[in-house]
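Student: Dock chain B against the given chain Y, drawing on the hints supplied.
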Amino acid sequence: MYPSHRPTTGLQKALIAAGAALMGFGDPTDGSHIAALGDATANGWFGRMRAQMLASASGRRILRERPEIAFTDASWEALGALPAGSFGRSYYEQMARNGISWATRPPVRFVDNEEDAYMLLRFRQCHDFYHTVLDLDISVVEELAIKVFEWQQTGLPVGLIASAAGPLRLPPDERRRFFQHYLPWALQCGRQAKPIIA
Amino acid sequence: MRRAVLSPLRTVSWRTLDRAGSWRRRVATQAAPELYDVVVVGGGPAGCALAGALGSLCGKRIALVDSGKLGDTRQWEPPGDTYLPRALQITEGNKEYLARLGLWDQCYLDRIQAYSRAVVTDALGGGAIDLGAERTAAYMIETKNMVGGMLRAIDERRNVSVVERARVTGIERAPATAAGWPVVTLANGQRLQARLLVGADGASSRVRKFAGIDTYGSEYAQYGLVATLCLEELNRTAFQRFLPSGPVALLPFPGGFANLVWSLDAELFQLLRAAPEAVVAGLVNAAFRLAPAELRYIYDLLRDGADEATLNAEIEWRLDVFAKSAAAAATAKLPPRVAAITPKSRTSFPLRLRMVDSLVADRVALVGDAGHLVHPLAGQGLNMGLEDVRCLATHLEQAAAGGEDLGAPAVLERYNRERYARTLAMQGIIDKVWRVFGARAAPVTALRSAAMDGLDRLPALKDRLIGAFMS
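Just so you know, the sequences run in chain order Y and B.
Quick note on numbering: the first sequence equals residues 1 to 198 in full-length UniProt numbering.
Quick note on numbering: the second sequence equals residues 1 to 471 in full-length UniProt numbering.
Since the hints were derived computationally from the structure, they do not count as laboratory data.
Watch out, some of these pointers could steer you wrong.
Said to hold, decoys possible - No farther apart than 30 angstroms at their CA atoms in a straight line, the calculated lysine-lysine pairs in the DSSO-like style are these: (1) 144(B) with 60(B); (2) 95(B) with 69(B); (3) 95(B) with 144(B); (4) 69(B) with 13(Y); (5) 333(B) with 13(Y).
For reference, chain Y alone in the conformation it holds in the complex:
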């Protein structure tokens, strides 16, 4: 249906999801496992995202024009020249501080609907924006908080799975911090905030 589409049966998706969950649990810093988990579990859960995007004029424009986030070297450096405190400058600085590149999102493979596949791609590409807007860096506990936030906003099951299993890997004091601070905050903010992807 779209260039990177690979049709799979329900059973195959379940196996991929299980495998990705285990691998992701073992090595949470490798994003491709979580991405595969998201891919395999997302079919049929796009109703809420679609409703959110259709409900606003900007969301509809995004769905129609299907922009993808891409930078050339020149435009990337131009972000650094934006005024301090602006979204673009903060984004640039955070990526530089954490040493990650904007181009690390794998393509969508297992979603069986063209528009849903675009929405999942957009969701992944916006993940770094979540970091910037929520002002969280890439430690495991902060990534988990973002996953909870995403789940509240979009309803995609990968957020729920990751935030249920993830805290088990944390050391005890970080786990306590997660449940006391990050989790309630993420739940409340995710529920109340306007959809960021739209």
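Tutor: Here is chain B on its own, set in the frame of chain Y:
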């Protein structure tokens, strides 16, 4: 048979206020009422069917009374390029009955669509059920076509008098000679006295009020939007999709036309009724294909007063996205696309559930909408009325053969006993279906769609379902 004058002319006087503003006494003579065995008030499909059925009772005098111009309907020339939006679904069983009585053949038969397949889908849960029979299950016929045909057939029955353009101004029980017989007074001064008065006069039945029969029920707070559509291809299948706001149905007519019945909440109904005609075709296509969330934002655009071009562009965009999705491949479950709506064919009726305490009273019987109102989602409204007619006509025939008084309580009670419980049961079923499909909670939608899909795989059960509703 000549009019029998049983009592001397009565003198009645009353005072009226004339144009000059003073009271004047006016005197007139009131003719004795004409005697009939059965007076049927209401010249709609149920009333005409009953009058036609009773026309076979030799020696009995039947009158059919209607306030409208029945002559126009009798001589109706059908339009060559469209179908009227007010149309009826008639089941095979009812059609056989009418044909046996000779009340079907005088309709314009080429304007009737026989069909044997119906596809019912659920928007929220994705369930679908494909009901197909080998023989014809139902017919779509314009109301005017049906009533016109029946009136032409009734003309040939000598014992049925059709009184048209006669508004009923009053009904009372005559104290004089025939004790307790109801007398109907018409606007033109005619008075008809009946051994049995039948109310076939619809939802706000005067006869029912006269008889003191109480009604109860609920308003659905919905309206049915009805229109004639032109499809892009010929179609012989009925399609119905349950949306959260109510079912939308597309019923087949010959020649690539279709009848739209869309049940809508009051606010949405006002929106769609006022929408530009160029957009309505797109909206119907969208209603059968898009998800409820997509429809919601299109309604929002309508509410904000977007222009035709914008609306059509948005609808086309979403239909394009749909066409590329997997669901679009199941073309058998989708109706053909609507090309246009016949100009000025949008009309409507309120949707209600109305039940009565009894279908009979002293020398009064009710048939059709006067006795029951249901949601049109199962196409049963008039069919229940025709079954009333069949039952009442049968009992009256038996009574006449046995020399009984047609309006006697014993005769009417047989009719009531047979029809009342069955009517109530059908009303209950239809109302429950409406409530089940009106729910939006995820467990309910999942369950009902699973039930639909399950039922779809059981042909024996499906045949039973068709048999129960269509015979």
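Student: Hint by hint, say whether it matches the structure.
Tutor: Cross-check of the supplied hints:
no.: 1; hint: 144(B) with 60(B); in the structure: holds (28 angstroms)
no.: 2; hint: 95(B) with 69(B); in the structure: holds (25 angstroms)
no.: 3; hint: 95(B) with 144(B); in the structure: holds (16 angstroms)
no.: 4; hint: 69(B) with 13(Y); in the structure: violated (68 angstroms)
no.: 5; hint: 333(B) with 13(Y); in the structure: holds (27 angstroms)
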